[in-house]
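Asker: Sequence lines, in order, name chains S and B. Residues in the first sequence are numbered consecutively from 1, following our numbering. Residues in the second sequence are numbered consecutively from 1, following our numbering.
Every clue listed holds true.
Here are a few chain B residues that face chain S, going by a calculated C-beta distance under 7 Å:
no., residue
1, 108
2, 111
3, 115
Label-pair ranges, simulated between beta-carbon atoms:
no., chain 1, residue 1, chain 2, residue 2, range
4, S, 605, B, 104, 34 to 40 Å
5, S, 593, B, 88, 28 to 34 Å
6, S, 475, B, 140, 32 to 38 Å
7, S, 546, B, 114, 33 to 39 Å
8, B, 104, S, 500, 55 to 61 Å
9, S, 547, B, 69, 45 to 51 Å
10, S, 547, B, 48, 31 to 37 Å
Please keep in mind that the hints were generated in silico from the structure rather than gathered at the bench. Even glycine gets a Cβ: it sits at the ideal position worked out from N, Cα and C.
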Amino acid sequence: MSLTTLAIALVISVVGTFAAGLVALWPDPRAHRASNIILAVSAAFGAVVGIYVATGSNVSLIVPEALYPVAADGSAHAWPMFYGMVFGLDRFSAIFFSILSVVTVLVAVYAIPYLEHYAASYNVRSVNALTALFIFGMQGVLLSTNIFGFMTFWEIISIASFFLVLADGTEASRKAGFLYLIITHIGAGAIMSGLFLLSGGALLSDFSVIALVTPELPEVTFSIALGLLLFGFGSKAGLVPFHVWLPEAHPQAPTHVSALMSGVMLKIAVYGFLRVLLFMLPGVPMWFVLTIVVLGVISAIVGVLYAVLERDIKRLLAYSSIENLGLIFTMIGVGLLAGQEGSVDLTQAALYAALFLAASHAIFKTGLFLSSGVIIAAVHSRRLEAMGGLAQRMPMFSVAVCVLALSAAAMPPFAPFMAEWTFLQAVVGALTEATPMLKVALVVILAAVGFVAGLALFAMVKMFAIAFLAKPRTDEAAAAVEPKPGFLIPIVVLAFISLILGLFSPLVLNKIGAVDLAPADLGTQVISTGGGGLAPLSLFLVIAGISLALFLLRRLLSDVKFERSYQTWDCGQPTTPRMEYTATAFSAPIRFFFRFFLRAQKVVTATPLTPNNPWVASRTMSLLVSQVWYDRLYAPIGSGVTRLAGLVGRLQNGSIQFYISLILLALLVTLIVAL
Amino acid sequence: MTLIRLLNLLFFGPKVTAPQKNFTEVKDVDFEAVGQDVKSVIQKLYGGRSLRIRAVDAGSSNAEEIELTALNNAYYDIDRFGLSFVASPRHADILFVTGPVTRNLERALRTTYEAAPQPCLVVAIGDGACTGGIWKDSYAVVGPVEAVIPVHVRIPGDPPSPTAILRGVLHALQSART
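With the hints as constraints, model all of the structure from the sequences given.
Answerer: Okay, here's the thing in structure tokens:
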């Protein structure tokens, strides 16, 4: 494909997204389907471009140049863009662009029956328009090569997703949306300040100016900028302790938007972070790298712990996202740490494993969120303890969700396992020749990743087993039926992609590994990480072949006519759904083991039913798990700010003479300082 | 005590165990004969493996249960003939049902029979299980065991002695052979 064709496809993709947003606002009832179909088609174009650029030769696609090549007389026609901003795709952003596009195609297909089902709860026109704007913003961030463009599209993402979180208009959504808006805006401000400091004030210039300005910055300024960037990108990506908005906002948004937010928006934050860190900065101090590693490990551990305890399916998936993002940041941090300590193999492997984990997380998390939407639509509740028995009622759907849940639990042969395996293999390989400090760090990280992987399996087993297995716990769950193809096909496709990515992971890692992630002082060798100890396709085929052979042998050789199927032996008593495992009970061992951190409280309130006899009472037991970060960090800050506002509010005493005297005082101070 | 006194006590002191002839001399000849027959039939039928019994109390007066417990004690000891009691009907080859089937346990008895893998012999032990006994037309009783599940062998008696139970098992196994 020539550069021009790619450029045209890219332009179609972006313009198509914007057009889908405009079409969505049309009052016609067919606009809903039309808008989503346009979105899916333009995202398909984007997927083709993204995958071609990411896997192809060293193509760096800059859109105006590709469409208007240099003329024979040497003059180049450039598009009259705002402030001379240039948009283009290089191999690194193409990885994220292809993730975004593939996910968008499937989410748009899902959105058609989903919003038709929930047409009474949402203003469908505005949800479609905002979703298209959200995706447009994400595409813009990935295509920007200019700080101003980057920040503009970043803000478009934040604002669009804020309104989407508010979309169903309930009180919980409003609270979650405002928390999200505050944190994301402060984060965006931090990113802007960080980039401002790093570029020496030239916000309207290209990214390349940062590489020029940064080496001459004083140490303090550089450190402050790095801290601001870590806060900004970390809060968007869900790093602990900036993650508090994530478990509140993701459940409240419409499900396909939650899938987009959790699957893709968090990766955009990772993209921004890596873009600044690897492509613009000459090198970062050791304290920064260690902070990334520590925050990553803490996020992974906290995320998975709360995911194990959660009983609301969408919050469980949100905490699982925090865990995976923590793992991604850990891998990035280890990569940078290894680069500083001289283990180049580990650097490359860790960074490529991080990218692969980001891609595979996007796939399975989107799939899991979309399936949670289907389950919630069937059962009319988000609580795990209202579900059950769905595997018999929705067989094909359950198989797809089982594949996605195994993928989320980092089981072989799915993609996330391959990413983590590559990382762990490289860590173990680098242990022998590492410096002492790196050795200690790597051993701690090995233990932490193992811990997180084990608990992630626990959380996913809980989610799948309580929701799908055994008998239905409510009448709505008993009445569930196989979902419509519009719901089912995107989920099955995502499960299939997750399997394919895993089975062909050496190939994928080679492609990612060919991306030039060589930052300035990490060496310019590009080492492919494909293979090593991975041969998932052949292993999978061997195991599948053996299983098939055993199945056929048993069928042929055993006396099948003496088989009689009967229900589980219930000791003579009929089993009821009340006898099944609940999500609370299943996670009780973990809650007990980490009780010092989690401080779960059981509160029993007794309301007497008769005035004379206090022993006859209706008793309610609630189990509260404390939100450590919220209680110890955010609530004090919030109450401090409120108190400060109250103090400042005392200035408003209503007397106009007082206000005039304040203005005079301000004027005097300004004159004194300025002159 | 000193070591010498301890050694004295151990080797030359009073014997605390019963003499061996207490166990080698046969006490109950009938029982032993029936038991040996059961053992040889089980050997032939099941190739040396043992026969698993699941006991279901469908509403008995516990007299039959006490006799079943006696089958397991050191005096009768049916384990040496290849019979043992198991905890789940899933593992059972024989069901021992005692007592007339009360209404409360009718469903449990039926599910026990259905859960046991075929072929499964059903033995009704005691007068209550065979015919309903003195509780036959009670409002709380469904009837004898054959009113609920098919019965292969009936062992009458209130309660039947352990020898009679074993003879009934032998009869069931021999008729199963044919």
